[in-house]
Amino acid sequence: MTKPVIDRGRMTPSYAVRPSHTTHKAGKKAGNNVRRMAALAAVLVTSAVTVAVAAGCATSVPDKVTITGHTLSREQIAHLIQDADSTFRRAAHAAGAAINRSSRCFLTFAAADHSEAGDALLCGPVLMYGTARNDLWARMPVRVVGSGDLHPAAPDFPPRPRPAGLTLARPDGAQPDDGANLPAPRPPSDEPGDMKYISAADLTGIPMKAPTGDGLLLGPSIAAKVAAVGTAAAYGRGPDAHSAAAGEQFLFLQWAPTPAFATVVSTDTPPGQLANQPPPTVGGAVIAGATRHPLPTVNGSPILGGATLVVSVPINTPAYLEINDQGCAQRLNLRTGERVTEPEFTPIYRRRNHAILGDQLTGALTNVRSGNTIRFHLTAAQAALTPFDRDRGYAPPGSTWLAITITDSSTDSGIGIPQFAPNAFTITTGSQRGIVAQQVTVGTELVRLLAPVPPTTTTATLTCSWRGAIAFIGTSAARPSHPATLSVTIPA
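Every letter in the sequence shown is one number past the one before it in my numbering, and letter 153, counting from 1, is 153.
Among the hints, erroneous ones may be present.
Here are the simulated SDA-like pairs of lysine to any residue, each with C-alpha atoms no more than 25 Å apart in a straight line [claimed, not checked]:
#1 Lys209 to Leu295
#2 Lys225 to Gly289
#3 Lys225 to Thr458
#4 Lys196 to Lys64
#5 Lys225 to Ala329
#6 Lys196 to Pro183
#7 Lys196 to Ile303
#8 Lys209 to Gln249
#9 Lys225 to Thr297
#10 Lys225 to Phe345
#11 Lys64 to Ala174
#12 Lys196 to Gly300
#13 Lys225 to Thr317
#14 Lys225 to Gly238
No lab work stands behind these hints: they were computed from the structure.
With the sequences and hints as input, model every part of the structure.
Put into structure tokens, the structure is as follows:
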């Protein structure tokens, strides 16, 4: 590129002078004034350039610069920077980032010798939602395409602070802006009613609060707890930020990893365990006004533990979470976290509805024919109050099942598993008469005892002594020779 030739000879200005008033003295004086002004302008320009370079804001670009091993002319550099500016602005607009008229891309030089630039440009200032106020500069790698030409890649968002020790330069001499006048960024808008699960990191900066009440949702197949709820117009950080649609806002519901109590709720659940995913019989939805939004599911079931749900709903519109389990629905106010208490949504579970027992019910069985006595023992692993059982369905109206899980049903002699008559066990609560416990078996083994009891039950006694009860060990019939009892206590 040919350097411009500057004529440093005497300047001969042209004057529109009226002939009758022109004198040699006046013309000489005017010429002197012009020369003095030109000299002053040259000093000011020189001072401005010196200040800019001394401040480290920007510097001139040499005629040739090497980038990623490729030497470019000043004209090629100008084309590269022009492409980078366009790519940067498009990416910033797509991400909802804030830029201004001075936002542009620069070559970076780490050494005093500016013949070799870094392999990435630095573009800014740019401000993105959720980032720090001084995170204003995005790195833009320069790639070599198949033809051997250099092209700018997409900028690396989110932006970061401007690196120290780098000199920024452009062919047009523009200087980097400090970004003080950048407007507030607005992330891209989600669709109205959009709903998804997000990571805990996306909640940074969102004012979350504990729910009103205990936040528990208990059903025949589930035990879930709401840890916190919140509202916001946007969430996320950098390119992953989201804005609510016009006229809407985001509601957040954060599930606790596990309930705040021992996780034995359903009689289908092994002692001390709770499945991370409820069965497909469980469904749920967010209800905003008259619109129902089904919950996202995995293998047909909603995620109710250890996740955060976000849903976009109209501003100031009542919104509820509804969980359906075996035909029973429970609702939770998404704005307060309070459980809805209308009769059709009243929980039928107590917060403390179980007890881990691990106790044994022991007794003796006397053979009807031989008179021989064999001791037996049953281990009662747990007791739970549950209105629904997978084998017996819902308990009778006004009552709940007392379900006692039985393990290790055997005899001391090891000759077989006792098989008890239907009336062999009774359950007594308070002053009520004993109720025959229903037996649930797997094959010939007793696995569960069920009896309908008042929902307020806290203590019960299991007895194996009903008159006329017959047990079978193998093919031999036997009777309990004396009552065997076991006390069950469920915390109030």
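Tell me the hint numbers this structure goes against, listed in increasing order. The structure conflicts with hints 4, 6 and 14, although it agrees with all the remaining ones.
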